[in-house]
Each structure stands twice: as structure tokens, then as C-alpha cells.
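Below are the chains, spelled out letter by letter.
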Amino acid sequence: MAESKTPIIEIKQVSKVFKLQDQTINALHDANITIRKGEFVCLIGASGCGKSTLLRIIAGFEQPTSGKALMWGTPIAGPDPTRGMVFQDYALFPWLSVRDNIGFGPASRGLAKPVVKETVDKFIELVGLTKFANAYPHQLSGGMKQRVAIARVLANDAEIVLMDEPFGALDAMTRERLQDELLDIWQRTGLTVVFVTHSIEEAIFLADRVVVMTPGPGRIESDNPLILPRPRDVASPEFNEVRRVLGAKLHSHHGKKAA
Amino acid sequence: MAMVETAPPPAAVTLDKPVGKSPWERLKPTVLALIVPGLLLLFWHIATTRRWTRLIPTPYEVGEYMIDFAVGGIYDDAFSATLVTHLLASMGRVYGGFALAALFALPLGLMIGRIPTARMVLDPFLQVMRPIPVTAWLPLSMILFGLGPRSAFALVCLGAFYPILLNTIFGVRSVDPKLFEAASMLGCQGNAQFYKVVLPAALPSIFTGLRLGLGLAWFVIVVGEMTGVPQGLGAVIMDGRTLSRTELVICGMIIIGIAGYISDRIVVMIGNRMLKWSPTHHG
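The listed protein sequences derive, respectively, from chains A and B.
Numbered by the numbering used here, the letters in the first sequence go through residues 1 to 259 in order.
Numbered by the numbering used here, the letters in the second sequence go through residues 1001 to 1283 in order.
Just so you know, the hints here were simulated from the structure itself, not pulled from any lab data.
We put the CB at the ideal spot given by N, CA and C, even for glycine.
Don't take every hint at face value.
Under the rule of at most 27 Å between Cα atoms (straight-line distance), these lysine-lysine pairs were calculated in the DSS-like manner [claimed, not checked]:
(1) B:K1196 with A:K131
(2) B:K1196 with A:K122
(3) B:K1178 with A:K68
(4) B:K1196 with A:K19
(5) A:K117 with B:K1276
(6) B:K1196 with A:K117
(7) A:K113 with B:K1196
(8) B:K1028 with A:K117
(9) B:K1276 with A:K113
Residues from chain B that keep clear of chain A, each with C-beta distances beyond 10 Å, as calculated [to be verified]:
(10) L1087
(11) C1188
(12) S1278
Restraint ranges, calculated between C-beta atoms of paired labels, are given here [what the hints assert, rightly or not]:
(13) A:G216 with B:T1117: 34 to 42 Å
(14) A:G110 with B:R1265: 56 to 64 Å
(15) B:M1253 with A:D89: 21 to 29 Å
(16) B:L1088 with A:Q21: 54 to 62 Å
(17) B:M1120 with A:Q21: 31 to 39 Å
(18) A:Q23 with B:K1021: 56 to 64 Å
(19) B:P1116 with A:W72: 42 to 50 Å
(20) A:I227 with B:M1120: 27 to 35 Å
(21) B:T1085 with A:R109: 55 to 63 Å
(22) A:R109 with B:V1121: 31 to 39 Å
(23) A:P231 with B:P1116: 47 to 55 Å
(24) A:Q21 with B:P1116: 30 to 38 Å
(25) A:L111 with B:P1023: 27 to 35 Å
(26) B:R1265 with A:A77: 27 to 35 Å
Next up, chain B with everything else stripped away, as it sits in the complex:
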């Protein structure tokens, strides 16, 4: 029945990846990625062993302390073997605050993006609120939510809120108008277009917003945990600062970096699966 012979035209589907990569080709990205951290570590080592500064511990000392912090058995002080507790406390706030931010920002963003009246009412207000940094909210947050975890939670939530909101609005507003025409001439009209056109079309942007929001949640966790919480990586860093225990501060920083990185990679993997149709969301 097919009316033509259907040799695939050029530039068609690329179904499989090139096979037979050499071991070097496989390792290359990892090796290249390790160059800068390696050099930094080397510089740190030289700077501290040559006593350019006495206030920063050597990489070896930090490494040793990291082990003690994680599993104990070396110094056996108040912070030994507490890494998991602090990490879990911070993760709870990061993901909890992020989830709460998403819960507010997504519907609000969809509304502002779709309903002109909502945009006129809310957009100017939000544009004024947006430049206020999370750090500036710290005192007010402590008054409103008290000293402790609730305040930390609120600040993380605030940090994640704007990127999710703004990217959702952007995604909803930048749907190709032709797609609405295409949908309506195919019989999908009115509110059905919201679910069948607006949401899927805005998904890449929404996803970018979620990714940025989660990144910012990790970013502001230290500020959030300045509010006098007993546990959390931010609290560890603040304690380390008060106690002049720089190795503790550096351990906290490294763990936040790694945890944030892993968290981001997971989100990217989920995104790649969900958005495999989108040419800009590969890799």
C-alpha cells in the first residue's frame, strides 16, 4: 500500500551510538575532569607544607579528619563519626525545602504564565522580592520561624523558589503558538490544551528550573543552618568557624560540594530519561 519506496532520507534517525571506543576514549572525560582538582590539591599541599599560611591545615590533615568525621576512631571528639547524622539533617532540609518550593512555585508559575490577570497582579511584586538575597531574609526568618530547623527549612525553600518559578513562567510563555493552532485544528481545544500542549512543551524549562532550584537549595543550606540548628553540614561549618577548627570547615565544604554534585547528576539522569525527545536535553 505504501505509495513510494521508503529509503530513509539523509540526516535521519541515529539509533545507535558508535561502538568500539578505546580505553583511553572511555577514561578521557574522567582524566580531564580531574586535572584542575588535582592541581588545586597540589597547590594546597605545597602552600601548607611550606608554611605560607599557618591557619589552613594540610590536605593530609583534612583527609585524616574526614575519616574521623565519617567513621571516628582517630580523634574521638564531639564531631567524630557524626558525618551521616549531619548529612542526613542537611539532606532533609535541602530536599524538604526544595519540595515545598516546588509545591508553591510550579502552580504559581503555571498560573502566572497562562493567566494575564495573575501575571499583572503577581509579577511586579515577585520581581521586587526576587533580588532580595536569602542572607537578607535571615533575621526576619528567625523572628518568623524561630531559631532552629524551621527557619533553615524556610530559607532553603526561599532559595529554591525563584528559579523554579521563573523557569516555569518562561516555559509556559514560550510555547510555540503554532502548536496551539495545530492542537486546535486536530480537535484538542480549550482546557485540554493545557495538559496536552502547555505542560509537555514547558517541561524542559520547568525541569531546568527544578535543577537550578535544587542546586540553590544546596547553595543556601549553610545560610539556612546559621539559624542555630544543632545538626547539619551548615551547622558543622559554623561550629568549625567558632571553634577555629578549619579542618572541620573544609570537610563540611567538600561534603556539600560532593552531595550537591551527586544530587544534580541524579536529577540530570531523570531529566534525560523524561526529556529524551528534546534535542537540548541530551548528556
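Bound conformation, chain A alone:
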């Protein structure tokens, strides 16, 4: 999309070490990445490559062991409504209806009831769940739950949406539909999206940039801008060429390890 040059997120030489009893795990080593407003960035890699750790550092759930994580030039101190997170397992509040889940953020920020209601109505319609406004999460399918989770962060005026394998638990057809819907929302709202996935196809279908990460220790292998025109056709030769190139990068560390 229309990229402005303002970096919204800057990750500078960020490392994250977890200590488990006498074991230390280098979850992320010397990561550098700049994300500009309006970009759709996918983080991709095998498990243990640090993609979720990086996302959680951006979210503010984890603090870097060394290095800097900045938003608009200010260090990220903790979770904040400007950076909304969409979890793989939804993390909806089971005791709240669809309506109240989406209204949770606006209500927490102390907005007046009519304003909350108006906001909720708007985003419930955006994700097509108006008919299910009063249903509880356990009554919804996985795809519907994830729509609620997306609406919940959008309703809270998030500037960046961080998505941790959000469609990983969904069946293929629902996943494709949610991918289309997500792109549609992104294109119409000018959001910034950071999207973690382990599917090359999903990354190429969605992203402006695909950041390939490799494990042991988790690090950024390469940052790949995609110049494929949208909407993207997964069956096109260009798409497959990109898939081949990224696939090679993704698996490159296997060779290194064997050597």
C-alpha cells in the first residue's frame, strides 16, 4: 500500500535470552527491523526462530535483553492499546458476548456508553457478525472467534495489529476467507500489520515484506520486499517464483547446520 516513510516501529540490535533454571535459550539474536506506517509485514520461519518472541517484544509483553524496541521513537515499555494483538487461540473473554468483547477496550479506556456502542456497532458490522452480537464465544466457530478478536483490536483504535499465527488453527477455506477479509480491512483502514506465520503461501499472499527468520539462535535471515501486484494470484508463475526463492532462504540454515 501507500507507504509513508515514517518508521512506526524500530527494532535495533534486539536480543532476547530466556533463562530456564540452568539453561539459557537465545530466543532472538541481534534483530534489526524497521516497520513503516501502513506496511503489511510477515514474519516467517520454523518454530524456535524467534518470530513470536519478536512479535511479543513489539507488543510489549517481553522486554529485550539487549537492544532497543521503539515505537514512534519511544521505547516500548509494556502492552498498550496502540498495539493490538490477535492471538492464535483467540483469547476472547468467554464471559462476555461478542458485543462486549469488542467493547472491552473502548469501555476500559473510559469512553461514554453511547460512544462505546457506536464503535462496537461499526466494527461488528465490519467483520460481519451483526447477527451474532449477543452470542458468547463458545457458541462461535473458530473463524468467527478470530473475527471478534480482530474487531476487538480495531475497535480500540490500534495503530498496529500484531497477529501471532492468527489463522493457524482454522480450516483451509475459512483461512482463505479471513485472509481476504484481513487484506480488505488493511487496504481500507491504512493499518500497519505485523503477521507471524509459518506458511510461505500465506506470507506471500498477504505481505508487502516477508521477513525470513531462522532458528538456533533465532535471528532475521533476510528481509524481502515483495513487488507482486495485488490482488495476488497464488497460481501465477510469479507467485511460485517468489515461493521458490523464499523457500530456499527459509531452509538455508539446514545446510549450514549440517556443514
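Once you have looked at the hints, place chain B on chain A.
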């Protein structure tokens, strides 16, 4: 504005129950539930009319006595038409003791569940106290609270205390950590999370604790009323025992069973209303 057509995906909301049940389908649960009590009654009847034992009255005698106990007019002895008095006395102790137990156990449970220091201070002590049965407390309770209703009240309270406490602690501690992250990234942080995340998330467990606690309150009422109270179903049973009036004992037992059952059904109904969001609290 909606960006997609929104046909509801499969496995979606089930809004209405299946309609048009046959009369048998409606009656089936009741009929099935009555089989075991019916057989027991039959066995009781056969055993007593055939004089396998002379110490237990027949179901008919107990039934007749139950009527006298409830409304009088048959034997007209000291216990005739006193059922309501005894029932109300016991109910007062059961609900009073239960309420007092909840009053202590809920805040304590929330504290132990949430504050690690409180847990380290209180949990070992409570774990040691917990296995001591209410019956073992009886003598000490009579010394501390005297003979009579206060002692009964205290024992019922003690009986209801642990299930409420333990389930509250469990509920508070087993809140999905993701929900705290979700709340904090939505702008609900610090103490606000206690009311907006911990309490509602722990509610099903707390509710289970209250239900078990109330059940146990009915369970220990007889022990509680062994402390020399003049009225109450437990007192009736103890009197019946001393006077060798087994029919009185059985009447008391049946009434405690029924009262406890009704009390539990009411709690379950309240729970179903309050926890209609919880898939494990239906029915």
C-alpha cells in the same frame, strides 16, 4: 459496508432447542430417576413386613409418622406438627453458617489465589487444618461456643468453609494467562484486571465451591445439632435415637435429603442463569 457476504459458518450458534418432544421424552428423566428409590422402597417394604428386622418400621408407618410430624392429628406426641419449626431452625443454621463461611472464604480465597505472600503464609496452615473432620471439632466447638445453637452454627460454617475456599483459590489461579495479556493490550491494566478478568474468569469455580459448600452445610447439620440444641432436624434425629424412635430418625433423614436437594437445585438454577456463557455450566 460489510466486506464479505456473511453466511454463518458451520458449528455456529445454537439458538433454539429442538421442539416437539413426545410425552415419553418429557417424562423419561423423571421415570428413570424414580427407578432406584422405588426399588429401595420395595425392598424396605418386603424386609420389614417379612420381619427380617424388628428394629426398623415399615415404609407405611414412616409415611404415617411423617404426616403426623408435618401436620399432627395422628399420634399427637411431643413431635407432632413440629416439622416446620425444626426445618426452619436447621435452614437458619445451614444458610447462616454457609453465608458466614462464604463471607470468610471468598475474600481469603481471592487473596491466597492472587497474592503469593498470602499464599505462602496461609496455605500450609490451611492444608493442615483441612483434613480435620467437622466431627473432630465437635468437643472443642462446644467448649469455645458453648452448648447450643452457636456451636451448631460454627460447625456448619466450618464444614462449608473449605470447599468454598479451595475452589476460589483454584478459580483465581487457573485464569488463562493469555486473558491477562489480552486485557492489558486492550488498555485494562493493574488492579482493574482483578474486577474485569480475575473475578469473572474465576466465577465458575467459585460457584462450584459455593454449591459444594452448601451441600456440605446440609451434610454436617446433624453433627452441628448434636451440640444440644432443642430444635432442628439434626436434634430430631438425635432425639429419635435416644428415644429409640427409628421412624423419627428416618423422617429426619428423608427431610434433610429433600431439603438439601431442593436447595441444590435452586443454586444450580441461579448458576445456569449467571454462567450461561460457560459451556461447562449447562443443565
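Status of the hints after comparison with the structure:
1. B:K1196 with A:K131: holds, 25 Å
2. B:K1196 with A:K122: Measuring from Cα to Cα gives roughly 23 Å; hence the hint holds.
3. B:K1178 with A:K68: At roughly 25 Å apart (the allowed maximum being 27 Å), K68 (chain A) and K1178 (chain B) satisfy the hint.
4. B:K1196 with A:K19: Between K1196 (chain B) and K19 (chain A) the Cα gap is close to 32 Å, so the pair fails against 27 Å, i.e. violated.
5. A:K117 with B:K1276: holds, 22 Å
6. B:K1196 with A:K117: holds, 18 Å
7. A:K113 with B:K1196: This hinted pair holds, its Cα atoms lying about 17 Å apart.
8. B:K1028 with A:K117: At roughly 45 Å apart (the allowed maximum being 27 Å), K117 (chain A) and K1028 (chain B) break the hint.
9. B:K1276 with A:K113: holds, 24 Å
10. L1087: holds, 36 Å
11. C1188: Label violated. Min Cβ-Cβ 4 Å, cutoff 10 Å.
12. S1278: Non-interface label on S1278 (chain B) violated, nearest chain A Cβ at 7 Å vs cutoff 10 Å.
13. A:G216 with B:T1117: 34 to 42 Å: holds, 40 Å
14. A:G110 with B:R1265: 56 to 64 Å: For R1265 (chain B) against G110 (chain A), whose Cβ atoms are near 41 Å apart, the range 56 to 64 Å is violated.
15. B:M1253 with A:D89: 21 to 29 Å: 49 Å Cβ-Cβ, so the 21 to 29 Å window is violated.
16. B:L1088 with A:Q21: 54 to 62 Å: holds, 60 Å
17. B:M1120 with A:Q21: 31 to 39 Å: At roughly 21 Å between Cβ atoms, Q21 (chain A) and M1120 (chain B) fall outside 31 to 39 Å, so the hint is violated.
18. A:Q23 with B:K1021: 56 to 64 Å: Because 60 Å falls inside the window, the suggested range holds.
19. B:P1116 with A:W72: 42 to 50 Å: violated, 36 Å
20. A:I227 with B:M1120: 27 to 35 Å: This hint is violated: roughly 59 Å between Cβ atoms.
21. B:T1085 with A:R109: 55 to 63 Å: holds, 57 Å
22. A:R109 with B:V1121: 31 to 39 Å: Hint holds: Cβ distance 36 Å, inside 31 to 39 Å.
23. A:P231 with B:P1116: 47 to 55 Å: holds, 52 Å
24. A:Q21 with B:P1116: 30 to 38 Å: Because 19 Å falls outside the window, the suggested range is violated.
25. A:L111 with B:P1023: 27 to 35 Å: violated, 53 Å
26. B:R1265 with A:A77: 27 to 35 Å: violated, 51 Å
Consistency with the previously given hints fails for numbers 4, 8, 11, 12, 14, 15, 17, 19, 20, 24, 25 and 26, ordered from lowest to highest.
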